[in-house]
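Quick mapping for you: the protein sequence lines, in order, are chains A and B.
No gaps in the numbering here: position 100 of the first sequence is 100 in my numbering, and each next residue is one more.
No gaps in the numbering here: position 84 of the second sequence is 246 in my numbering, and each next residue is one more.
Quick caveat, the hints were computed from the structure, so don't treat them as lab data.
For each residue, glycine too, the CB sits at the ideal point set by N, CA and C.
It cannot be assumed that every hint is accurate.
Stated by the list, open to error - One-sided and incomplete, this derived list gives chain B residues near chain A with beta-carbon spacing under 8 Å:
id, residue
1, GLY221
2, ARG225
3, ALA292
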Amino acid sequence: MRRLLVVGFGNPLQGDDGAGPAVVARLLAGGLPAGCRAVDGGADALRLPDLWRGEEEVLLVDAVASGAPPGTVHRLDHEALLGVAQRHATAHYLSLPESLRWIALAYPDMARVRYRMWGIEAARVALGSGLSPAVAAAVEQTAEEIAAVCLSWSAAADPSGP
Amino acid sequence: MAVSGRNIVIPHLGRVEGHGGIFVKIVGNAVQEVNMDIFEGSRYYEALLKGKHFLDVQGIITRVCAICSASHTVAALTAIENALGVEQTERVHALRGLMLLGGTIESHALHVFALALPDFLGFDSVISMAASYPQEVAFALRLKQLGNQVQGLVGGRAVHPVNTLVGGFGRLPRHRELEGLRRELVAALDPLMRFVDLAATIPVPEWAAQPTVYLALRPYTDAFRFRGRSICTSRGEEYPIESYRDVVREYTVEHSHAKFSALASGETYMVGSLARLKLWGDLLRGRAAEAMAKLFPSGVVDNILLNNWAQLVELVHAVEHAAEVCEDLLGLPEADREMVAYQVRAGRGVGAIEVPRGTLFHEYEIDAEGRIVSANVITPTAQNLANTERDLRTAVEHLLAARQGDNDATLKLNLEMVARAYDPCISCSVHLTRLSPAAD
């Protein structure tokens with residue numbers, strides 16, 4: 001059976017940077033269909049190979065900064081995500097796109113993975129927990145969209161289905 | 163012709179992003195001002211811990227930083243156990259050491275391969291480097307993951323360990339897990355040594371070089387180790403770790419959110435890989451000693467840019483020694499958990515550990531009920547700040563004198579290389595993807 005993985009990246013101790021893990025928490029609370037898995041990826045996207053168990057498709061959720069209004073949900077397909085120029089996220093962490101590019105070089109098995117990303121425009125990224133209202137609403141919206149993707153994926157992937 | 167009256171501002175440090183920044187003011191050919199500012203998250207945690215039970219400390223303090231989580235955990239547990247008079251068993255000591263080595267492998271692999279080597283080889287990123295060094299770039303990420311794997315096996319997960327407890331471990335790795343890990347570590351040594359050979363061919367600029375005082379812990383045994391009981395400087399001084407506040411004099415400066423540090427003499431100093439090799443490099447053995455001989459044929463010389471190569475030597479040591487520790491642990495009988503019984507009592511304890519960026523100090527005062535009365539954390543990055551400013555000033559002066567500093571872009575890149583060589587940990591816990599407006 002084909003499988004799908006959802007990973008939320010970010011740090012819940014840094015305000016809206018916790019949007020990715022918040023989406024994962026919503027998905028886990030709501031339950032996921034067979035063949036779909038969701039995990040909190042923390043702040044280091046290079047850990048993705050440790051979280052991956054052979055899934056063909058990986059849906060990623062991360063807080064983003066683009067200048068758009070807070071709470072804007074950006075949707076990027078595989079090519080658009082890998083084409084994002086940003087290289088470094090922080091002192092020790094490469095950006096998500098740069099991490100995915102490096103992972104593809106180091107783990108040939110993962111080169112076939114197709115990625116999709118939901119990016120939630122952050123309003124406040126600073127020490128402290130809790131999401132700003134616009135981002136909290138975007139988290140709900142993103143979780144609903146991803147849950148729907150999981151349902152349709154599971155229905156299509158299940159050989160016993162219609 | 164000399165460039166007059168200009169400011170070089172690096173609002174964030176390129177690959178070392180955060181709230182940090184460098185400001186340099188140049189008038190004519192003279193450097194008037196060099197300031198470095200960073201945001202230091204660990205100070206918030208000191209206040210947060212007051213009134214909490216000592217058993218809650220490690221779960222909170224580890225959140226200072228994900229990549230430094232093993233380091234903060236071991237430093238905190240050591241300080242608390244010293245306050246309570248708890249002795250570590252042989253196995254607990256070995257396992258904590260193994261977890262620290264895993265953290266060093268992860269941290270040094272990422273810094274040397276993804277952040278430093280591209281600079282020295284003239285690439286703008288590790289991905290660009292893959293065009294010329296595909297196997298090396300692939301191996302580098304797998305080595306970083308091996309560091310995560312070590313921490314995951316010992317700590318229960320790759321970041322923010324949960325198996326580690328005051329007095330012992332809640333779960334011990336199985337022998338078959340340790341044997342599997344040992345084999346992977348041993349297999350990583352040959353490819354790692356090829357990086358040493360590559361690094362040995364790369365010329366390292368000398369425009370930041372100047373005499374430096376180094377500080378590191380004396381290893382607890384007659385070998386190169388990341389734990390010790392006394393603080394030593396390259397000037398021959400030695401102090402017990404309990405007197406760290408007399409050795410590391412903290413002070414505030416107007417331009418920085420973080421406290422700076424100097425020795426009692428007022429001299430700035432450097433902590434980290436280069437300091438450890440300067441003081442204890444002659445204690446390295448095996449492949450790590452080979453790496454040291456190749457990268458430092460005349461011994462450690464005063465040039466902060468060589469800290470990257472010092473990290474590479476330590477990376478070889480960490481992989482090699484981690485395999486040895488696995489072997490030692492395999493010699494002990496398999497067990498599910500290991501805990502030492504202890505009594506809660508009022509006390510004060512210091513924990514000092516050599517972590518990837520240098521010497522880390524934790525101190526806790528505990529009351530008779532086990533609540534934290536006070537906490538003090540001094541990070542390596544904070545200790546290195548004053549020395550970083552000093553090296554940045556020297557770099558600018560040398561580059562201007564050599565007529566290599568007229569171009570702002572070149573000067574900025576060179577200053578970033580100096581700051582990055584210290585591998586500073588600066589507000590490193592945010593993970594944002596930056597999109598251009600056209601990306602959605």
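Cross-check of the supplied hints:
no.	hint	in the structure
1	GLY221	violated (13 Å)
2	ARG225	holds (6 Å)
3	ALA292	holds (5 Å)
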